[in-house]
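A.B. asks: So you can see what is in the structure, the chains are spelled out below.
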Amino acid sequence: DVKVTQSSRYLVKRTGEKVFLECVQDMDHENMFWYRQDPGLGLRLIYFSYDVKMKEKGDIPEGYSVSREKKERFSLILESASTNQTSMYLCASRRTGPPGANVLTFGAGSRLTVL
Amino acid sequence: RKEVEQDPGPFNVPEGATVAFNCTYSNSASQSFFWYRQDCRKEPKLLMSVYSSGNEDGRFTAQLNRASQYISLLIRDSKLSDSATYLCVVRSNAGKSTFGDGTTLTVKP
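Protein chains in written order, with this note's numbering: chain P, 466 to 580; chain R, 148 to 256.
Take these hints with a grain of salt, some might be off.
[Said to hold, decoys possible] Stretch-level coverage of chain P by chain R, calculated; a stretch enters the list once three of its residues show a Cβ under 8 Å from a Cβ in chain R:
hint	region
1	476-485
2	499-508
3	511-523
[Said to hold, decoys possible] With a straight-line Cα cutoff of 25 Å, these simulated DSS-like cross-link-like pairs (lysine-lysine) come out:
hint	chain 1	residue 1	chain 2	residue 2
4	R	189	P	468
5	P	536	R	255
6	P	522	P	483
It is worth saying that the hints were derived from the structure and are not from the lab. For every residue, glycine included, the Cβ atom is placed at its ideal position computed from N, Cα and C.
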């Protein structure tokens with residue numbers, strides 16, 4: 466089974482703090498994604514990466530940055546956390562070729578609260 | 148208009164009922180289509196891919212109508228364990244996967 470591991474399940478941070486959310490996948494998937502999920506707004510794409518050192522903005526990149534120095538690791542960075550970034554953050558990975566091409570596999574999520 | 152729109156729900160049905168969810172998408176160049184299931188406080192997991200010819204997996208049937216840009220999911224003989232939120236997902240030719248807001252199903256005894 467593909468495993469996507471997010472380093473923290475629950476975090477509480479203060480406004481203005483720098484926050485790192487780490488995601489690691491163990492099946493050599495090329496693509497990785499960061500989403501946030503909020504009630505009534507569904508899953509929204511923040512950033513994605515097709516491969517190592519590559520990154521693309523998603524639908525809501527403002528206030529976030531990402532890093533993909535190694536294929537298995539995709540980090541989401543909040544340079545200066547704000548209360549409107551309180552959310553559930555979901556990392557996902559995807560293989561580009563068979564088997565299982567195009568299917569997203571998610572981590573368990575990181576619930577961030579910014580006070 | 149959202150790129151992917153689903154029935155808002157919630158759907159509350161008795162065990163054994165048949166229930167259908169609908170989803171429309173706006174990007175005619177979309178390439179791949181999926182239904183994911185998300186249990187409360189859990190991550191989304193793939194339920195089934197949706198193929199042009201329609202496909203079935205046990206009690207679940209998915210249909211795709213490219214001309215109308217419409218996807219459906221039919222669940223027959225609902226079980227209590229089917230209670231979850233069902234997410235419609237559309238992948239564009241640029242590789243981006245867009246999620247609908249989800250439809251919540253509660254199956255009652």
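A.B. asks: Each hint: holds or not?
C.D. replies: For each hint, the structure was consulted:
no., hint, result
1, 476-485, "violated (count 0)"
2, 499-508, "holds (count 5)"
3, 511-523, "holds (count 3)"
4, R:189 / P:468, "holds, 15 Å"
5, P:536 / R:255, "violated, 44 Å"
6, P:522 / P:483, "holds, 20 Å"
In summary, the structure is inconsistent with hints 1 and 5 from the numbered list given earlier, while agreeing with the others.
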